[in-house]
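> Okay, here's what each chain looks like letter by letter:
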Amino acid sequence: MFNMEKRDKKLLIIIAVLALLAPFALNPFPTDSAMAQFNAGYPDLMQRFVIFGIFAIGFNILFGLTGYLSFGHAAFLGVGSYSAVWMFKLLSMNVVPAIFLSVIVAGLFSLVVGYISLRRSGIYFSILTLALAEMSFRLAYSVLTPITNGETGLQVYTNDPQILMGPDSPTVTHLFGLEMRSSYTLDIAGWSFDFAVGYYLSAIIMVAAFYLSIRIFRSPFGLMLRAVKSNQQRMNYTGLNTRPYALAAFVISGMYAGLAGGLLASMDPLAGAERMQWTASGEVVLMTILGGAGTLIGPIVGAGFIKYFENIFSKINNSVLHEWFGFLPDGLENGVIWVLEHFVGSGWHLTLGLLFMLIVTFLPGGLVEGGQRIAKRLRRKGADDDDAPGNKTPAE
Amino acid sequence: MSKSDVTRRGVLKTGAFAGTGLALPTIFTASSVAAYTNAPTGGGVTLGFNVPQTGPYADEGADELRAYELAVEHLNGGGDGGMMNTFSSKVLKGNGILGNKVQYVTGDTQTKSDAARASAKSMIEKDGAVMITGGSSSGVAIAVQGMCQEAGVIFMAGLTHSNDTTGKDKKANGFRHFFNAYMSAAALAPVLEKLYGADRKAYHLTADYTWGWTQEESIAAATEAVGWETVNKVKTPLASTDFSSYIAPVLNSGADVLVLNHYGGNMVNSLTNAVQFGLKDKQVNGKNFEIVVPLYSRLMAKGAGANVKGILGSTNWHWSLQDEGTKAFVKSFGTKYGFPPSQAAHTVYCQTLLYADAAERAGTFNPCGIGEALEGFEFDGLGNGKTLYRADDHQCFKDVLVVKGKENPTSEFDLLEVVEVTPAAQVTYKPDHPMFAGGELGKCNPGA
Amino acid sequence: MDAILLQILNGLDKGSAYALIALGLTLIFGTLGVVNFAHGALFMIGAFCAVTVQRLLSFSFVTIDETKTDFLGNPMKVKTPYLESWFGPELGASIIDWSVPIAILFCIPIMLLVGYIMERGLIKHFYKRPHADQILVTFGLAIVLQELIKHYYGANPIPTPAPEAFKGSFDFGVLMGFDPNAIIYPVWRLVYFGFSAVIIAAVFAFLQFTTFGMVVRAGMADRETVGLLGINIDKRFTIMFGIAAAVAGLAGVMYAPINSPNYHMGMDFLVLSFVVVVVGGMGSLPGAVLAGFLLGALESFSSMNEVKALLPGIDQIIIYVVAIVILLARPRGLMGRKGVMEE
Amino acid sequence: MNILEVKNINKRFGGLQALDNVNLNVVENTVHAIIGPNGAGKSTLLNVLVGKLIPDTGSVMFDGQSVLGRAPYEINQMGISRVFQTPEIFGDLSVLENMMIPCFAKRDGSFELNAMPPISGQKDIIERAEHMLEDMNMADKRHMHAAAMSRGDKRRLEIGMCLSQEPRLLLLDEPTAGMARADTNNTIDLLKQIKEERDITIAIIEHDMHVVFSLAERITVLAQGTPLVEDTPENIKGHPKVREAYLGETAV
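Chains as they are written, first to last, in numbering that gives the first Met the number 0: chain L, 0 to 395; chain X, 0 to 447; chain C, 0 to 342; chain S, 0 to 251.
In case anyone wonders, no lab produced these hints; they're calculated from the structure.
Among the hints, a few may not be true.
As the list claims (entries may be wrong) - DEER-style ranges, computed between Cβ atoms: (1) C/163 x X/223: 33 to 43 Å; (2) S/27 x L/13: 50 to 60 Å; (3) S/142 x L/307: 29 to 39 Å; (4) X/252 x C/193: 26 to 36 Å; (5) X/220 x L/20: 52 to 62 Å; (6) X/384 x C/60: 52 to 62 Å; (7) X/387 x C/121: 55 to 65 Å; (8) C/121 x X/391: 52 to 62 Å; (9) X/223 x C/7: 30 to 40 Å; (10) C/220 x L/20: 36 to 46 Å; (11) C/176 x X/194: 27 to 37 Å; (12) X/389 x L/13: 53 to 63 Å.
The structure displayed is predicted, hence computed values, not measured ones.
Just so it is clear, CB atoms sit at the ideal spot from N, CA and C, and this is done for glycine as well.
With the hints as extra help, turn the sequences into a complete structure.
Here it is, written out as structure tokens:
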């Protein structure tokens, strides 16, 4: 089944199971406990995890395999979101045409950007992508406001045409009547778990996207992309034209970004221009490097890591800290809180910055490689492994 | 963060959800039949304070947060009660809202629509917030307002000045206490005419995004109505940090007034640059060259330093006002934090009190009930004089302050002086005014 | 004509800031081979040197003035800077007024030290690492630095005016026979331009005419060979990092009166400075300077009303348009060397 | 029959005449060496042949078709493979993967969006690559990281990669430069073996006379951008012009 090797199948199954059980896995703490602050199992954040996972998986096909470091991929995500919202405005709130169009438009846009940028390599390529994306952002914010609704962000108004909208059609995004925002809450003892339609749609698409990326990694095309990264000179003198390979990877990753953008808009039908800013492009670069560029699962891990900090750490405020450390004697309590408040709430950026530095310094290769190293050490402790030293497959 | 109830989440049920085939015991609790999103069930009610904590408006966000904390303290009966004592409505008793202790969660908007919505969503979905409030820019306010409308919670806007918030993007679940670009212009124009004369030529520099445009449109229309001529309107890129190339040609354009439709860092820099070029000391057309900043804030004035001296603008509120409400608020804020509150702090404090009061009067947290209680509500004692929450667009109508940068500040907070209090009637417009046309409030959405 | 002359002045002025930052960035890249995303943060720290010196100089003691009241109605606490009480109000105030020029002296050792600590403590571990890792770690460092500044100085801009003597503007138009007010330019910006020119010239002279500079230049061209000659190039590179940091810091300290410093000013300049460096050509010092002035000038011209009327929004994107055009026309920017950062 | 015909090639770099009216014919199924002192234009000539440089004038015909103006990958697809002075392999990939890439290039052409089927299903390619590795005596290293191999092995792999494309003309650019004596001899043996086992034309640029005289059937001597003589190794050895060109400096 699935035409894959055993270890890949295992990985896919793990991801699928994790995605399925995320509402449980991400809410490990009882709702009333002090630790509930760290729960991440609410629909919006879970959706963000998987959607940015898709974005990073796609980015990794370009950066992880070919080594071309694009600093403009957020533009494709933004274009995807805009296309999706336009579909909601023009047709109906059904997400299928929206997602479909977002992938197509992002693909076309990335074809243009890729065609121009891939004429150069290295940092020159990076700056070209950065320039093209930043141009898109700035124009979307100002001159293109009729199309993008500028600062406010493109949204659906009741007086939009919506030609496919029947009198009974849902007015929120839906999949053939199944509303994205509808959810079940399951309460067991002190725990509370959310199961949202939007999350499961995104998760299924993410698993499919992950499956596709495994297939690409393991295909002859994937091998060619790794060859592009390794030695373009040899590629050329082996009768292989590197440009279309890199361009294909660029467009595929652009389509992944468009898919992510379309899904973001499907979960929440508003598309803001900031989605296209260079900081957003930088974020996906950081996700991929942090998780482990060129590894299959790294980008998802990196995406989850950054989104977790952004959404969970930024919400820890002083009163939360006081609640946590209320048991300490006053002087000590204030001391602890004084230290911690640098790192949470409005200080969450500082924590993130420090973690970037620590991870890249001590875990070269990202979180996944760090995890592998720990796993290896544990295994070695158990019994001497039969891993031949040369048996390392580069792109796991 | 511990909260007492388990099932705050409004369960949006469609019955269509059939995907996962769970064989687990599904224990549905009372909330699944609640009438609205995040109905409080235990003894507490959770409010969501969504302010910029990172990015250029972080200081404004921090000040908003201080005011929110103060408001919560007062609502729960702590502190000196602040403006609760001067508020014309007397239903708030210091025992929380409807007997529920007020709790709050905070989040970071990063001054980005996406992040703001994510943060607001987590407050609604995870923390069970029944009301979202905050923000320090119009893009964010409009984005979050739209989301609250969909989710079925009330949005009490923080600092947002664009006409669109209660104009083409107005929503039934959203309410704005802060004034807007039209009001700034309507308040400023007569003062400008009085001080600088009717025969003036204005040159506009405008931040190139929605708020800037509505500000420019409003002030240009208002000044043209008193006889001024608009020489030029120039858009400046949002990301600009140096405005020299936009300011350099001003002096030679024949204009004798420069209007800076900028806010935040943009305004600090453009004003600083304009003063560097010596515009304040020049004579053009036989008159003193003047600079106008339609939307002022004290925090911005602080950033621009001595450059604000003598420069006119408008503001929603200022701590030096001498009415009872203002004095009470400044006293309790100043005592707690050691410095006077900003207008952003003031507006969010008012919004919190107004929300709590509306809930008390309506006897419910249901957004529709609260909406009804706020619509057409007239009140006084919150520092702006008599104020009306207009039913047609959920905009507050109240006096607008025209202020000037103080020539001889006595302290680091004493940067602006009130030149005139423009009465509410003068800044009121019809709900169908063309600058506000295009949107519909729609119907209130209680969520579940 | 006068409008064009004005924009030429503007271009020189903007360009000198770009050129200074890009120069430091290129020095670090050229000598150490490190892509330094924290360079904008160094510029920002420079600007905050000015803020800090201003604060130190106006360090005050508090007296209670019973005749006045503060905003709460309590007796007013009046702050008097120690300097004013030591040297008398006039001299004290004028020393505080001169805090930015004083900060220049203060800034150089600070920045050298910051650069030294950064290079020895962090950057040196990343010489052999992929550029992506360098970007990640220096980006992390940039965030940490700016968050620390934000924590202690707040997010709002802090006014740091130039000395009274440099305030106001200079009327070129009159000199050249135009009407008064036709071409006026702020004095401090002219000082900034002159100052930048001096620093750029000093860096070039240092690299051109000193043995130290010659070795560094040789090292930039071919690190291994120079290493083989038994010269301890690493130590020199550490010093070069310090110098690059000092150049960025000086650019920042002088910039403080132009626009009030805030904690994110470094990030605002970061992308732009990379564009400048790349347009100039990776590893080329003259290229960086040339590109800085070129982009500054083009940005100024694009903001002219006549140009904007023709191409709406062009001033938003001109930098990027120019970058794209140059990179497509010249594969390695204006003066880039072959094979540098092309993998 | 000539497989490669180079006619009247000129190439100037600024003031330097790198190639001065070069004519060269390589006969099919021979080993043809191009020798000459440093700066004689050997590398420039090679770069013209593979499409990296375009000459100012002249023509280069490979098997009756012009190669000029074609990109390197197109020329390779015509049947010319190049071995570099320092081995150019895919260092990040395993040895087997290295060998598979030219096999794909041979089967699928210069670009094929073959993104869905797994490599493990490409039996023909794997078989071919494995076979080639065996031919090269490298089968035991198939899972090794290519970058981790010795220089000699890298050279061997690179030659194997070129051969797996079944080129009609193999160009070698100083294949033993920087090698120890033993490695050099191994490479000579390898090339001899290749020549024996396959129908292939080899053009070799070399400094090392030992290599040249062990392998070449024809030799062209290049000096100052122009061919001096072309003859058999025996004749070249005693040729006065060659001595002059090569030993000129020391003879003076």
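> Look at the Cβ atoms of residue 163 of chain C and residue 223 of chain X and judge whether their distance stays inside 33 to 43 Å.
38 Å, holds
> Range hint 26 to 36 Å: satisfied by the CB atoms of residue 252 of chain X and residue 193 of chain C?
28 Å, holds
> Just to be sure I understand the hint, the distance between the Cβ atoms of residue 389 of chain X and residue 13 of chain L should be within 53 to 63 Å; is that true here?
56 Å, holds
> Measuring from beta carbon to beta carbon, are residue 27 of chain S and residue 13 of chain L in 50 to 60 Å?
57 Å, holds
> So does residue 220 of chain C sit 36 to 46 Å from residue 20 of chain L, Cβ to Cβ?
Roughly 57 Å apart at Cβ, these two residues miss the hinted range, so it is violated.
> Verify the CB-CB distance for residue 384 of chain X and residue 60 of chain C against the hinted window 52 to 62 Å.
Cβ of residue 384 of chain X to Cβ of residue 60 of chain C: about 41 Å, so the range 52 to 62 Å is violated.
> Is it true that the C-beta distance of residue 223 of chain X to residue 7 of chain C lies inside 30 to 40 Å, as the hint says?
Distance hint for residue 223 of chain X, residue 7 of chain C holds at roughly 34 Å.
> Check the following: the C-beta atoms of residue 142 of chain S and residue 307 of chain L are separated by a distance inside 29 to 39 Å.
At 37 Å between Cβs, range holds.
> Between residue 387 of chain X and residue 121 of chain C, is the Cβ distance one that fits in 55 to 65 Å?
Distance hint for residue 387 of chain X, residue 121 of chain C holds at roughly 59 Å.
> Cβ-Cβ distance between residue 176 of chain C and residue 194 of chain X: within 27 to 37 Å?
Holds - the Cβ-Cβ distance for residue 176 of chain C and residue 194 of chain X, about 36 Å, lies within 27 to 37 Å.
> Taking the beta carbons of residue 220 of chain X and residue 20 of chain L, is their distance inside 52 to 62 Å?
Hint holds: Cβ distance 58 Å, inside 52 to 62 Å.
> Does 52 to 62 Å hold as the CB distance between residue 121 of chain C and residue 391 of chain X, or does it fail?
Once the Cβ atoms are compared, 59 Å apart, the range 52 to 62 Å for residue 391 of chain X and residue 121 of chain C holds.
Violated hints, in rising order: 6, 10; the structure is consistent with all others.
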